[in-house]
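Could you put the whole structure together from the sequences, leaning on the hints where they help?
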Amino acid sequence: MLEKLQKRLGGILLLLALAVAAPVLADDPPPTPEELVKIRAANGECLKCHSEAGLKKPPKEGLDLKKLREHLVHLDTFTASDHGQMACTKCHGDGYDDHPHAAKAKEGLSECQDCHARKAMRIERQFDKSVHAENLSDTFTCATCHDPHVMTVAEKLRDPHKIVAQDNKICLDCHDSDIAFAKMAPEKKKRPAIDDIHSWLPNTRLHWKAVRCVECHTPSEDKLSLSHEIQNKDKAEKKCATCHTANSSLNARLYRHLQTEEQNKYGFLNSVILSNSYVVGATRNPSLDLILIGLFLATVVGVIGHGLVRIITTRLRRSKNHD
Amino acid sequence: MTKRIFMLPLWIRLWHWSNALAIIILSVTGISLHFSDPNLPLVEFSLAARIHNVAGVCLAVLYAVFVIGNILSGNWWQYVPKPPGIIGRCIKQMQFYGIGIFKGEAEPFPPTPEVNFNALQAVTYWSIMYLVMPVVILTGLVFLYPQFAPDHLFGLDGLLPIALVHYIGAAVILLFAVSHIYLGTMGPKVSSLFKMMITGWYEH
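As they're listed, the protein sequences go chains H and U. Read in our numbering, the first sequence has 5 at position 5, and its numbers run on one by one without any break. Read in our numbering, the second sequence has 122 at position 122, and its numbers run on one by one without any break.
Among these hints, one or two may not hold up.
Pairs of lysine to aspartate or glutamate, EDC-like flavour, derived with a Cα cap of 20 Å [as the list claims (entries may be wrong)]:
#1 H:K239 to U:E44
#2 H:K239 to U:D37
#3 U:K92 to U:E105
#4 H:K90 to H:E111
#5 H:K209 to H:D196
#6 H:K162 to U:E44
#7 H:K209 to U:D151
#8 H:K320 to U:E105
#9 H:K90 to H:D147
#10 H:K238 to U:D37
#11 H:K238 to U:E44
Covered by chain H, according to a simulated footprint, are these stretches of chain U (three or more residues, beta-carbon under 8 Å) [to be verified]:
#12 25 to 35
#13 168 to 174
For the record, the hints were derived by calculation from the structure and aren't laboratory data. What you are looking at is a predicted structure, and each value in this text was computed from that prediction instead of being measured. Glycine is no exception: its CB is placed at the ideal position from the N, C-alpha and C atoms.
Written out as C-alpha cells, the structure is:
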C-alpha cells in the first residue's frame, strides 16, 4: 500500500518536473531529414555491437557475448517501430556513451512515462487491476510486453492482420512457452497448455490469427484505447455473441481505427471486418437477409393460404353433395 | 376399398427421416448463428455452433448414403426428369395444385412403383438433391475447415463467397422443406403420403 502511494507520489512529482523541464514528449514533431541522418549515424554506432552482425563479428575484443545476445536490436524492425526515428541515446542516456557502459547506466535509463506521462497514468490505473499486477507487480513493467524497439501502436499499423500478429505474439511468447513463462511466473505456478484452456473456442488457432487475445481478455469500458486490465479466465469474455452479432464489439476493439473508413461497404453490416474475416452473425447483408426472410414468409403464407382455400372448397363441395 | 401398393424400401424411409431431422436441426441452429443476438438468442451461439457442426457432418454422411444407395438400388432413375412432354406434365401438375385440387379433381399423375414422382417433383427433387444440397454441404465443410477457404477474394475475406453461397443454398432448402411438407398433404387423404413415408405403403 505504502509502496503504491510512493509510486503515485513519485509519478506526480515526475509529472511536475517534466512540465517545468520541457521534456521530450510522445507527440513531439518528427525529426527533420537532416536530424534523421545524424540520428541514424549515431544509432549505427550502437548497432555495431547490438545487432546480429555485431554478435557474429564483435568489433571489439573482450565483449560479454552472452549478455550482448540478450540486447540485440533488429534495425529494420526498429526503424519501422514507433520509436524508429529516435536516437538510442534518447532513452539510453548517461553511462551508455562509452564501452564498457557505466555500471549504473541502467539506473539512468528513461522510463516510458518520461515521455508518455498522461497515457501512463491512465494505463497504470488499468494495469493495477490486471492479472499481471495481481501476481507479478514487482517484476512486470511496460517493457515486459511492449518492447520499445519493436512496438508499433495499432492506430499506425492499421492492417488488422499485422495488429493481431504483433499483439498476440506478445502474449504467446510467454503463455505458449514454458521457458519464458517460468522466467516471469511466480514459483510453482505451472503454465497451463494454451490450446487446452481454449479448447472450448472453435477453430482456436484460426481465431488467434484473426483476433487478439485482448479482444476477450480485457474489459471494454475504456473508450480511448484498449484497456490494459488483462483479465484471467474468470473475468474474460466467453460469450461468442459479443463479437458474433450485428453490433459486434470488434468495432470498438480491433477495428476501431478503421471505423470511419469503410462502413457499410457493399451493403454489409460491419463491412470493415470483411476485408480480413467473415464473422458469422456480424458481417451480414441486411438486404439479402430481407429478401430471404421475405421469400420464407411468402412461402409460409402461400402454403397456409392454399391450405385454407382447400379446406373451404372441400367443405363447400361436401355440403353441396349432401344437398 | 382402399388399395395398397408397396412403394418405398426401408433404407429410403430411414434416410428420408434422418435427413429431415438433420435439416430441421441445421435450420434452427443455422438461423441462430446467422442472426446471432446476445439479447435474443434462439440457441446460444457456442452451443448452436457445436450442434450445427455435428449435424452438418451427419447430413454430409447421409448425403453419401443417399447417393450410394441410389446408385446401388437403381433408385437414382426416379429423380431424373424425363424430357418428352415434361413441360406439359409440369403445367398439368401446376394446374392441379392451382385449380384442380380446389375442385376435388384427382391427382393427375399418382405415384406408382415404377414412377414415384410426378414431373414437377422430379425436377424439384433433382435440383435440390443434386444441385443445391451438394453445394450447401461442400460450402459447409469449408466453413468447418476454414483453412481450406481462399485467403482473399476481390479484396475481401475468401470465406465471404463460401458463406453467401452456403446461406442462400440453405435458405433454398428451407423454402423447399416448407413447400415439401405442405405438398405432403396432397395425397388421396391428407395423411396418406406421410403414412407412405413411414410404412412404405401407398394407400389409395
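Evaluation of the provided hints:
no., hint, in the structure
1, H:K239 to U:E44, "holds, 9 Å"
2, H:K239 to U:D37, "holds, 11 Å"
3, U:K92 to U:E105, "holds, 12 Å"
4, H:K90 to H:E111, "holds, 11 Å"
5, H:K209 to H:D196, "holds, 17 Å"
6, H:K162 to U:E44, "violated, 31 Å"
7, H:K209 to U:D151, "holds, 12 Å"
8, H:K320 to U:E105, "holds, 15 Å"
9, H:K90 to H:D147, "holds, 15 Å"
10, H:K238 to U:D37, "holds, 14 Å"
11, H:K238 to U:E44, "holds, 12 Å"
12, 25 to 35, "holds (count 3)"
13, 168 to 174, "holds (count 3)"
Comparing the model with each earlier hint shows a violation of hint 6 alone; every other hint is respected.
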